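Enquirer: Let the hints inform the model, and build the full structure from the sequences given.
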Amino acid sequence: MPVLPVFESLLPEGGLRRGAAVSVVGDVGLLLALAGGSAGEWVAAVGLPELGLGAAAGYGLDLRRLLLVDAPGPHWPEVVSALAGAVGLILLRPDAPVPPQLAARLTAVLRRGGCALLVAGPWPGAVLRLQVGSARWFGLGAGHGQLQGRQVEVMAQGRGAATRPRTARLWLPDEHGEARPVEAAAGVGRDESAAVGRDEPAVRLAAV
Amino acid sequence: MTETERETGPARVLVVWCPDWPVVAVGADAEAAVAVAAEGRVLAGSAAARAAGVRRGQLLRLAQRLCPQLELREREEEAETRLFEPVVAAVAAFTPRVEVLRPGMCAIPVKGPSRYFGGEEALAAQVHAAVAQVLARETGAPGPTGVPGPTSAPGWVGAPGQAGAPGRVGASARAAGHGRTPAPGRTPAPGRDAVLGRLPEHGQTPASGQAPTPGRAVAHGQVGVADGLFAAVLAARAGVLVPAGRTPEFLAPYPVAALGDEPLAQLLTRLGLATVGEFAALPGRAVADRFGPVGAAAHRRARGLRSRPLVPPADQPDLSVEHRFDPPQELAEPLIFVARTLAEQLHTRLADQGLTCRRVAVELTCADGRTATRRWHHNGTLSAPALAERVRWQLHAWQTTGTFAESPWPSAAPSAGPEADAHLQEGVAGFTGLRLVPEGLVVDQGRQLSLWGQAVVEDRVERAVARVQAVLGYAGLRRAEPAGGRGPGEQHVKVVWGERYESPAAAPWPGRLDGPEPATVLTSPVPAAVLDAAGQPVTVNGRAELSAPPARVAFQNSGGSGGSGAAVLGWTGPWPAVEQWWDTARRRRRARLQVTVADGRALLLTVEHGHWSVEAAYD
Chain R
2 MPVLPVFESL LPEGGLRRGA AVSVVGDVGL LLALAGGSAG EWVAAVGLPE
52 LGLGAAAGYG LDLRRLLLVD APGPHWPEVV SALAGAVGLI LLRPDAPVPP
102 QLAARLTAVL RRGGCALLVA GPWPGAVLRL QVGSARWFGL GAGHGQLQGR
152 QVEVMAQGRG AATRPRTARL WLPDEHGEAR PVEAAAGVGR DESAAVGRDE
202 PAVRLAAV
Chain U
4 MTETERETGP ARVLVVWCPD WPVVAVGADA EAAVAVAAEG RVLAGSAAAR
54 AAGVRRGQLL RLAQRLCPQL ELREREEEAE TRLFEPVVAA VAAFTPRVEV
104 LRPGMCAIPV KGPSRYFGGE EALAAQVHAA VAQVLARETG APGPTGVPGP
154 TSAPGWVGAP GQAGAPGRVG ASARAAGHGR TPAPGRTPAP GRDAVLGRLP
204 EHGQTPASGQ APTPGRAVAH GQVGVADGLF AAVLAARAGV LVPAGRTPEF
254 LAPYPVAALG DEPLAQLLTR LGLATVGEFA ALPGRAVADR FGPVGAAAHR
304 RARGLRSRPL VPPADQPDLS VEHRFDPPQE LAEPLIFVAR TLAEQLHTRL
354 ADQGLTCRRV AVELTCADGR TATRRWHHNG TLSAPALAER VRWQLHAWQT
404 TGTFAESPWP SAAPSAGPEA DAHLQEGVAG FTGLRLVPEG LVVDQGRQLS
454 LWGQAVVEDR VERAVARVQA VLGYAGLRRA EPAGGRGPGE QHVKVVWGER
504 YESPAAAPWP GRLDGPEPAT VLTSPVPAAV LDAAGQPVTV NGRAELSAPP
554 ARVAFQNSGG SGGSGAAVLG WTGPWPAVEQ WWDTARRRRR ARLQVTVADG
604 RALLLTVEHG HWSVEAAYD
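Protein chains in written order, with our numbering: chain R, 2 to 209; chain U, 4 to 622.
Just so you know, these hints were derived from the structure itself, not from any lab. Since we're looking at a predicted model, the values are computed, not measured. A couple of the hints might just be wrong.
[Claimed, not checked] Here are the simulated lysine to any residue pairs, SDA-like style, with alpha carbons at most 20 Å apart: (1) 497(U) <-> 61(R); (2) 497(U) <-> 508(U); (3) 497(U) <-> 464(U); (4) 497(U) <-> 3(R); (5) 497(U) <-> 101(R); (6) 497(U) <-> 168(R); (7) 497(U) <-> 144(R); (8) 497(U) <-> 532(U); (9) 497(U) <-> 158(R); (10) 497(U) <-> 177(R); (11) 497(U) <-> 486(U); (12) 497(U) <-> 169(R); (13) 497(U) <-> 72(R).
[Unchecked claim] According to the in silico footprint, chain U covers these stretches of chain R (three or more CB under 8 Å from chain U): (14) 22-30; (15) 44-54; (16) 61-70; (17) 86-99; (18) 119-130.
[Said to hold, decoys possible] Now the in silico label distances, taken between C-beta atoms and shown as ranges: (19) 89(U) <-> 105(R): 54 to 60 Å; (20) 329(U) <-> 109(R): 50 to 56 Å; (21) 170(R) <-> 544(U): 37 to 43 Å; (22) 527(U) <-> 168(R): 53 to 59 Å.
A virtual CB, placed ideally from N, CA and C, is assigned to each residue, including glycine.
Expert: Have a look at this one:
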């Protein structure tokens with residue numbers, strides 16, 4: 002399951018493994034950005050009524066291939082197993098802590114269906130756990146400006162090959178609503194609020 | 004009037020009228036003087052009230068002066084409709100094409116049923132008897148045995164010989180009386196409640212026959228038959244059967260106010276035309292010239308022609324298919340086999356009519372009388388096996404969600420495996436009926452798959468969607484469609500899967516926010532407090548200026564907002580937006596403010612009527 006190029010270095014297999022669950026803690030933007038590389042696949046969002054659809058489109062999600070199950074309530078396991086055979090990626094927020102047996106059973110269903118799972122929150126047996134370490138928005142002054150982009154430090158840790166934590170500094174999103182790495186030239190300084198507007202499109206293209 | 008008009012003239016209509024229905028609905032005593040009031044005027048009065056001079060449309064003050072013991076009641080429209088339902092059902096036993104004009108009055112076309120039931124007179128008599136029986140049962144009024152029997156029974160019941168008499172009158176009196184009215188010298192005002200045994204003859208006051216008996220019961224029905232709905236309503240009020248072609252004669256003595264157009268009636272009266280007959284005598288072309296389309300329609304009514312056709316509520320054929328299980332079926336598999344057969348039958352019947360349906364409702368009846376229904380999106384795409392498959396999912400979903408928790412599936416554990424649906428229940432009830440009802444019938448014009456530009460929904464996705472809908476209901480799964488709006492939550496709408504949605508044309512939305520979109524758009528905004536450095540609330544004045552720079556945002560509800568408050572690092576705005584100012588009910592005036600707060604997030608705050616709330620979060 003491909004992801005956006007910026008995440009390839011962060012994920013040990015260079016993508017999301019089908020039939021495996023990845024837990025994304027505390028950051029909806031990161032969740033959406035991870036789903037953004039799924040061009041051509043159907044994506045389902047289960048239990049995420051507050052998803053920003055505009056932001057999802059910005060990261061590259063195809064809204065015409067997005068199924069929204071806003072309020073599955075306690076039936077979310079049935080919904081996930083019904084969707085597992087049809088869609089390539091499921092974004093899920095369970096309504097309660099997930100017992101390990103249920104997680105194992107659903108993982109088996111996902112593996113059979115060839116579907117990747119991104120969980121907003123903890124998931125027992127997740128192969129990878131991503132979270133945002135530090136985040137900072139740029140573009141706002143004291144009464145002027147406009148939000149332009151956010152620099153985040155994403156940390157990924159998991160099992161097997163991913164035991165060693167990896168971190169990456171990303172624009173999430175940048176001024177176009179996309180995800181891209183922070184260039185060394187632009188620096189990671191604290192007061193680089195003007196950096197967003199300055200960097201050249203060519204540099205950005207090269208980076209992507 | 005030309006010959007073609009007479010040929011395409013209105014169909015014969017039978018109208019059932021229950022007088023004083025609002026009074027009946029409030030459950031008034033038969034003897035008491037009761038009036039139902041609406042908007043400060045009398046809507047209807049009981050017989051005793053009417054005897055005291057209370058009339059429809061009177062001011063309440065006047066009515067109470069005329070009848071001091073008058074009991075006033077509020078109108079109960081729901082009760083009117085509910086009480087009238089059995090009457091409609093009784094009439095629908097004669098023909099299903101019943102049109103309810105309002106509670107207390109319904110109409111059926113005469114053409115078909117009159118042949119079946121042996122003529123118009125026989126039909127009217129049978130309808131009258133059926134309605135009287137129902138009313139006697141429902142309202143406790145003495146039916147055919149009580150007082151209204153002799154008074155309200157129309158002539159074709161009491162004296163069958165009279166039914167033919169009007170025909171003879173018509174033949175002898177006015178054979179060519181279409182263009183010329185009877186022009187009675189004295190034009191009687193027909194009594195509203197006149198219960199006539201026969202047709203009014205020319206020059207005879209329609210109300211002169213029998214005065215309404217003061218002590219009659221409240222609920223009774225009257226039946227009238229005439230050409231066209233308008234005349235049939237008047238005929239029902241008079242309780243007469245107007246023979247075919249004699250409707251203009253019947254209408255002629257009525258005052259022009261009966262045409263139901265108050266301004267026109269006033270104008271006609273001022274012009275010296277007091278009765279419908281005099282109005283009908285005017286040349287149609289001149290009427291159309293002088294009074295326009297409204298006058299022309301009234302003129303057509305006055306001449307006994309059609310001004311609008313009778314519209315039965317549901318004209319679509321009943322194509323539902325049903326299977327009854329005897330003894331009640333307890334296993335799921337036979338149900339699914341039957342569902343497959345039924346689906347094939349349904350498709351055959353639809354194809355015979357050249358129709359397809361938008362939805363299919365699957366109705367399951369239990370032995371204990373309960374019914375469970377679920378609608379499936381169809382649009383001509385479901386094959387019979389696919390429909391049977393959906394019935395299987397539906398059974399399974401009901402089983403796991405406990406729809407039939409008590410009796411049919413007492414101990415069905417959720418997702419107990421394939422053997423769970425092999426035996427649905429353990430000896431209590433079972434299912435007695437399975438019914439497939441097509442809904443939203445449309446002409447089948449075939450399906451053209453899109454070539455490009457539209458995401459073709461793959462079959463497996465459709466199947467998964469249907470399975471989710473089996474669990475959560477039809478509206479459980481939605482898709483996003485672009486829409487217009489300024490706020491981040493307004494730019495996309497969520498449409499139920501399978502419903503059509505027309506995206507509005509792209510338009511500029513001045514005042515919408517540029518830049519990155521928020522990743523979290525709260526479905527209901529969280530109230531917040533925006534404070535300045537001194538701890539005072541920040542306000543936005545009419546010129547879209549902040550009272551002071553915001554220094555701190557506090558959340559009244561910390562759900563999803565990460566703590567009870569955060570220091571503001573940067574802010575920008577406010578951006579005012581005045582929306583739907585042309586609609587007083589929906590207008591909104593608000594301003595938006597973007598802030599970055601200390602925990603590394605950015606928030607979109609909205610102020611409306613001085614109250615701040617968090618609309619969306621950028622994270």
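Enquirer: Compare the structure with each hint and give your call.
Expert: Hints versus structure:
Under the criterion of a C-alpha separation no larger than 20 Å, the hint pairing residue 497(U) with residue 61(R) is consistent with the structure, at around 19 Å. As the CA atoms of residue 497(U) and residue 508(U) are separated by approximately 17 Å, the hinted pair is consistent with the 20 Å bound. Using a Cα cut-off of 20 Å, the hinted pair residue 497(U) and residue 464(U) holds, with the two alpha carbons roughly 18 Å apart. Between residue 497(U) and residue 3(R), the direct Cα distance comes to roughly 27 Å. Violation of the 20 Å bound is thereby established for this hinted pair.
With a C-alpha separation of about 33 Å, the suggested pairing of residue 497(U) with residue 101(R) is violated against the 20 Å cut-off. The suggested pairing of residue 497(U) with residue 168(R) is violated, with an alpha-carbon distance near 36 Å, which exceeds 20 Å. Proposed proximity of residue 497(U) and residue 144(R) is contradicted: the alpha carbons are some 34 Å apart, above 20 Å. Restraint check: the Cα-Cα separation between residue 497(U) and residue 532(U) comes to about 30 Å, which exceeds 20 Å; the hinted pair is violated.
Restraint check: the Cα-Cα separation between residue 497(U) and residue 158(R) comes to about 35 Å, which exceeds 20 Å; the hinted pair is violated. For the hint pairing residue 497(U) with residue 177(R), the CA-to-CA distance comes to about 24 Å; that exceeds 20 Å, so the pair is violated. Taking the CA atoms of residue 497(U) and residue 486(U), the gap is near 9 Å; set against the 20 Å cutoff, the hint holds. For the hint linking residue 497(U) to residue 169(R), the alpha-carbon distance of about 34 Å lies beyond 20 Å, and the restraint is violated.
For the suggested pair residue 497(U) and residue 72(R), the alpha carbons sit about 13 Å apart, so the restraint of at most 20 Å is met. Coverage of the segment 22-30 of chain R by chain U holds [criterion: at least 3 residues with CB-CB distance below 8 Å; count 3]. Here the segment 44-54 of chain R counts 5 residues with a CB under 8 Å from a CB of chain U, which clears the bar of 3, and the coverage holds. Given as covered by chain U, the segment 61-70 of chain R passes the check, having 8 residues with a CB less than 8 Å from a CB of that chain where 3 are the minimum.
Counting residues of the segment 86-99 of chain R whose CB lies closer than 8 Å to any CB of chain U gives 3, so the stated coverage by that chain holds, three being the minimum. With a cut-off of 8 Å between beta carbons, the segment 119-130 of chain R has 0 residues touching chain U; three or more are needed, and the interface restraint is violated. Separation of residue 89(U) from residue 105(R) is about 59 Å and conforms to the stated range, judged on CB atoms against 54 to 60 Å. In this structure the hint that residue 329(U) and residue 109(R) lie 50 to 56 Å apart at CB is violated, the actual value being about 42 Å.
The beta-carbon spacing between residue 170(R) and residue 544(U), approximately 41 Å, falls within the hinted interval of 37 to 43 Å. A beta carbon spacing of about 36 Å between residue 527(U) and residue 168(R) contradicts the range 53 to 59 Å that was offered as a hint.
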